[in-house]
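Novice: Keeping the supplied structure of chain A fixed, place chains B, C and D upon it in accordance with the hints.
Number of protein chains: 4
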Amino acid sequence: MPEVLFKVDLTKPMEEQDVPGHNRWHPDIPAVVSVNPGSVFRIECKDWTDGQIHNNDDPSDVRDVDLTRVHVLSGPIWVNGAEPGDLLVVDILDIGALPTSEWGFTGIFARENGGGFLTNHFPEAGKAIWDFHGIYASSRHIPNVRFPGLLHPGLIGCAPSHEMLAEWNKREAELVATDPDRVPPLANLPSPKGAVLGNLKGAEFDRIAKEGARTVPPREHGGNCDIKNLSKGSRVYFPVYVDGAKLSMGDIHFCQGDGEISFCGAIEMAGWLDLHVSLIKNGVAKYAVTNPIFKTGPVEPAFSEYIVFEGISVDEEGKQYYLDPFIAYQRACMNAVEYLKKFGYTGEQAYMLLSAAPCEGRISGIVDIPNSCSTIAIPTGIFNKNILPT
Amino acid sequence: MPEVLFKVDLTKPMEEQDVPGHNRWHPDIPAVVSVNPGSVFRIECKDWTDGQIHNNDDPSDVRDVDLTRVHVLSGPIWVNGAEPGDLLVVDILDIGALPTSEWGFTGIFARENGGGFLTNHFPEAGKAIWDFHGIYASSRHIPNVRFPGLLHPGLIGCAPSHEMLAEWNKREAELVATDPDRVPPLANLPSPKGAVLGNLKGAEFDRIAKEGARTVPPREHGGNCDIKNLSKGSRVYFPVYVDGAKLSMGDIHFCQGDGEISFCGAIEMAGWLDLHVSLIKNGVAKYAVTNPIFKTGPVEPAFSEYIVFEGISVDEEGKQYYLDPFIAYQRACMNAVEYLKKFGYTGEQAYMLLSAAPCEGRISGIVDIPNSCSTIAIPTGIFNKNILPT
Amino acid sequence: MPEVLFKVDLTKPMEEQDVPGHNRWHPDIPAVVSVNPGSVFRIECKDWTDGQIHNNDDPSDVRDVDLTRVHVLSGPIWVNGAEPGDLLVVDILDIGALPTSEWGFTGIFARENGGGFLTNHFPEAGKAIWDFHGIYASSRHIPNVRFPGLLHPGLIGCAPSHEMLAEWNKREAELVATDPDRVPPLANLPSPKGAVLGNLKGAEFDRIAKEGARTVPPREHGGNCDIKNLSKGSRVYFPVYVDGAKLSMGDIHFCQGDGEISFCGAIEMAGWLDLHVSLIKNGVAKYAVTNPIFKTGPVEPAFSEYIVFEGISVDEEGKQYYLDPFIAYQRACMNAVEYLKKFGYTGEQAYMLLSAAPCEGRISGIVDIPNSCSTIAIPTGIFNKNILPT
Amino acid sequence: MPEVLFKVDLTKPMEEQDVPGHNRWHPDIPAVVSVNPGSVFRIECKDWTDGQIHNNDDPSDVRDVDLTRVHVLSGPIWVNGAEPGDLLVVDILDIGALPTSEWGFTGIFARENGGGFLTNHFPEAGKAIWDFHGIYASSRHIPNVRFPGLLHPGLIGCAPSHEMLAEWNKREAELVATDPDRVPPLANLPSPKGAVLGNLKGAEFDRIAKEGARTVPPREHGGNCDIKNLSKGSRVYFPVYVDGAKLSMGDIHFCQGDGEISFCGAIEMAGWLDLHVSLIKNGVAKYAVTNPIFKTGPVEPAFSEYIVFEGISVDEEGKQYYLDPFIAYQRACMNAVEYLKKFGYTGEQAYMLLSAAPCEGRISGIVDIPNSCSTIAIPTGIFNKNILPT
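Residue numbers (our numbering), protein chains in the order written: chain A, 13 to 402; chain B, 13 to 402; chain C, 13 to 402; chain D, 13 to 402.
Honestly, I wouldn't trust all of these hints.
Identical copies carry no separate label here, and so any pair may be met within one copy or between two of them.
Below, in silico cross-link-like pairs of lysine-lysine (DSSO-like), each with a Cα-Cα straight-line distance of 30 angstroms or less [stated by the list, open to error]:
| no. | residue 1 | residue 2 |
| --- | --- | --- |
| 1 | Lys397 | Lys353 |
| 2 | Lys354 | Lys397 |
| 3 | Lys298 | Lys353 |
| 4 | Lys19 | Lys222 |
| 5 | Lys205 | Lys293 |
| 6 | Lys298 | Lys205 |
| 7 | Lys331 | Lys353 |
| 8 | Lys182 | Lys331 |
| 9 | Lys19 | Lys182 |
| 10 | Lys213 | Lys331 |
| 11 | Lys331 | Lys24 |
| 12 | Lys222 | Lys353 |
| 13 | Lys205 | Lys24 |
| 14 | Lys222 | Lys182 |
| 15 | Lys19 | Lys213 |
| 16 | Lys24 | Lys298 |
Hints in this document: simulated from the structure, not taken from any laboratory.
Chain A extracted, bound-state conformation (with noise of 0.2 angstroms):
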């Protein structure tokens, strides 16, 4: 087993770990570790809430959920030698549960606490809990699946420089500017409230909280992409803008199908990855590389079969949208949710279902004016009964 850099202690919040990650986006953050090019660790990782959902079957927890607090990460992790403007490369060579913890959750959110895709239809909080058994997922609140794992990090990136923090701050704000009162808000802006920065305190950490950028989106520097497929035996590629790169990461998904649906949608876990890191010089102008770029694992669950649904960018009111893949994955969905429905799913449990499942989310068409065709693409495989017409 790999040295384990980052330690984890499930009975206590980030800030009260020996070594404690953090939970905003900020060059200025001490990185906590560092490491050489060529070697292989492993870092251990929180769920995403920091330990705010429990194993049992109360959604009330999902509902309270204190996101301030959100992503909590492991690292960062200094990588010896990185300079701004290098690609890192991370193979993550494997990734797993921590023994006292091989169960997951995916959470629908309340309207009030933000949502998620299908929230106009589905309001009120929801919780599936997913018990591992091995490369395996069921769940006593979903019956009639189970499926192997996709394992992946939800969130993985190295820290933005000052130019980038300031870039992102500017454009999100000036996004929220747009509605200001809108509830939910149309992005989170920097807050002091919840964060943590490893052992930082006083001044310096009231400055860095007060600009440190929040974890929910992806931003060019990678973050909190939710790509289903930058699985076990991955090569990612990251563009390093400060000294010594500065991983950071967490938000460990046991699988996720295409989107996140249900934005606490994937089945979210504590756990590990392993990781082996190497530097390609000045390789960000060699690749003209913006975003993180990934070559795909070999050990993806294969499916032979799936069922597809359809959605055209025409919302349910019958409104016409112009080339919108949203409102046509929205449509997809709850095509998809529907269908389910007569199979004696809930329309809650279909949600969650295609949200946590290794669901297929396509931008099958993207120029045929005046509507896009988004696809959802289920695996005929994770059902233990037959689930196509008849």
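Specialist: Then chains B, C and D, alone, in the frame of chain A:
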């Protein structure tokens, strides 16, 4: 070989065929042939432009294409016993090229002709010709790639009811009315110019030509969905809206990346489909079907490794959008284009390659405000050289 | 469609074709056509029995088959520039059925006709007819299965040199001599009876008919290898032994399980192959090639689940053999047959199904004295009902 | 993490473990633990040689291995309620390495030690050490390859009944009697030397040590089948012969090519299995089960391209054998070895690579007298350079 129920002569435009097809959607276009449930038959199709694009190196035909003539469809096919509310089950048994026409084309539409997904970057018309070599395609205009086809009908569906057609025309007109002078328009409303309506003539032609919906967008009946995975061996369940179902199809693609991003972006071809049809009576209600659903086929080309590019919903000027997978996919595609340019491709070549090759375009994250994350995954095996960073 | 360089008329036996092929291996059979390296062309083939088996429900044609006439091959094809020691690179671009002959057959050979792999259990002749439905096959004689084809030429290879032919005849005669009166014989030695040798006549016909090797076994040039994975999209590297290479082929299979166990055990068909040829000069020595090697193709049917049966090298009477994968595979196959009988199949149906469906037959363990372990893996997706224990 | 029902201390030989396992098959070896149907648990296993092989560059440990001690097994596990005639259903939920032992070995056994499949070519002992990097393995002794594991227990099965054991001993003794002085022997008959039988002592130990079958060969209960596809996520159905089933297992492999050709030929490792067990009462008769059957798992490494080598049943001296897949597979393997030598590997490296990597070894043709055709298919993706002819 199954009986050919719809033949095409590639040397003649659609209206001069022995049995002409159509290029508008309308319930009153007469069926050209009838079939019984349980039967197997072949339908030949012209390419979507009705033969306007030629196998040469000059993109002026793409630039000057007459889009009032698209898409020329084969049909309608009357299915005996089909009634509104049924599901028409269509097995796509096989798809192929016509023996005299084993080539296809990918076009970049000029901005003044509607453009494509990346038209701001590629405003000029472009064209790549692909030669088919059995299961493979290669192009003299895009070197160092060869890949097996993922053949599919870009467009297939049943005729709308009068009510549905009226709804389409109403909602699309309302969209156009929000910016009526826009060039290109927000949608293509019904227009007699260029209409082909089987053998209809006179007043009935005029009425239907004036009412018939354009075939450009996908709609709830299916239509021009451009779903690459609706390929050989798929089983599709189409809602039926009119007696006899009136199934039509066309726009065969040898292959396509998700989104068909350059608009004329698949490998467009003339060809044939072998189909088997059956009915599920009252299937629409039984399975709560709104749009078509389908089961995927078993012979999609196998790729075990992809290189993936991410994009987020911040445009190139740095403007932040709210959960916009359209912008995010544009950024992912442009990231891929810039990367491929480092391997010797022109931007136009890269654009057409992403559009035509079997790339996966996914809505990876859609809930992490304010950024959605879209990804485009290119199979590395389509290149005859290493395309990974080294 | 590529130019057809070898045509067949299915209504006529091979010797009456306009350009007859051959059914013996000999370097002096004249080439029927020549091609340049780099060219693409189509070759049509009769089924291996030269049309002796008919699309009906009566297996007497299988019982009474004249095996002196097999396998009728299309060729030889002269490749310009090919010399002994080169590698002839053959891309199998596509394979298909002839439009008038979209069906195939699987036969059980009677014991007196040579029998098959399980002839002790199934000594009587049997036959199953398969109908092709695009990419799929199904049989009125074996219910509840349907599967996509894995088309391949059962037999393909270059002509042997005189020295190689002499070696074949010598070693096979020596084997026969160890038990010369055995019925069936240990090998089929050269025999003029039934020989077809292109347009040869007179003394030259008599000489070659007397010397020409039978086509039944695979040999170091390839020949009747019956490798199911030598399918669409494969690239094969054949050793060249004579000037012009003299490539011949036939025995097209719509599908086959590993071993082709019932002898006439694939889904045998007439059909065509589209080929591209090129040369690697002196490739035999460069790559130390003895037998042909090949790269697999990308469109093999995808199955994600198999049910696997094991067998060991102890025969049904309890006799222990030493590391004998032949006995072990017989036991694995019989275990599968007995299992399938519990799901309603007759033994003969199960035997033909294992023989014709895309089953994996593996030498799983070959060193654990005294037992080898062979396995046969059946894709569960070929059945339209659950085939697993419950 | 499931409860560990069988622990191993890698610093001690099997007989000194707190709860020792066994290395002989006998119905009277006492169970070490009992489980209920429906339970999930973890079993740790030592490597098959009981720790005789070391992580260094010296193959003398392979040369001098004491084979009287193999295979050390964990168990027997008593399954409550299991009776003869039942099927014991074992879900292999996951398999992994022990945290202190993330490496494995592949050995070539010297001829005097039993040798391997190609011992005539490689009579000397050899060894390759593999390091595990998460899902991947690589070897400092075999350069330029890295591949994901296909972990499986080489050996797993239920205890035989007394009658079955007597049958094994009888038939194997009869085989040995045909050539009693052969070196190596045709089979390993029961021998007290090296026997480990749990906590048994005294007369009972002596009796069972004298009767107990060696674990080397696979037999009808399963045992040392060395089936690479019996991997993570598989569901196995084992016949039960004695009350409590008495399930034992060991010989974990990180990966293996079909045949495990160099004898100690997989990537041999210590490790653990997470299992779920249940029962199908009277399942043996219900499903006509003789040997175990299994359903494959969903996370086998995906390879989309293989290079395939053929072999026929003519040995290297040119002698013709009759339908002998053993000889044919030897020739296919040697063809692959000779080819790989052209790419810079030594013969020994190539031999161990074929043995340890996830190669497919198929009985491709088994009926075309007198030659069978065996093939070995190597995934090209395991090499970090091009391995195809150019």
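Novice: For every hint, state whether the structure bears it out.
Specialist: So, going through the hints one by one against the coordinates:
no. : hint               : verdict
1   : Lys397 with Lys353 : both (14 angstroms within a copy, 23 angstroms between copies)
2   : Lys354 with Lys397 : both (13 angstroms within a copy, 21 angstroms between copies)
3   : Lys298 with Lys353 : between (51 angstroms within a copy, 11 angstroms between copies)
4   : Lys19 with Lys222  : within (27 angstroms within a copy, 51 angstroms between copies)
5   : Lys205 with Lys293 : neither (38 angstroms within a copy, 58 angstroms between copies)
6   : Lys298 with Lys205 : neither (40 angstroms within a copy, 50 angstroms between copies)
7   : Lys331 with Lys353 : within (25 angstroms within a copy, 40 angstroms between copies)
8   : Lys182 with Lys331 : between (33 angstroms within a copy, 10 angstroms between copies)
9   : Lys19 with Lys182  : neither (34 angstroms within a copy, 57 angstroms between copies)
10  : Lys213 with Lys331 : neither (52 angstroms within a copy, 34 angstroms between copies)
11  : Lys331 with Lys24  : neither (49 angstroms within a copy, 39 angstroms between copies)
12  : Lys222 with Lys353 : neither (46 angstroms within a copy, 40 angstroms between copies)
13  : Lys205 with Lys24  : within (19 angstroms within a copy, 54 angstroms between copies)
14  : Lys222 with Lys182 : within (14 angstroms within a copy, 50 angstroms between copies)
15  : Lys19 with Lys213  : within (21 angstroms within a copy, 46 angstroms between copies)
16  : Lys24 with Lys298  : neither (44 angstroms within a copy, 50 angstroms between copies)
Hint check: violations occur at hints 5, 6, 9, 10, 11, 12, 16; the rest are consistent with the structure.
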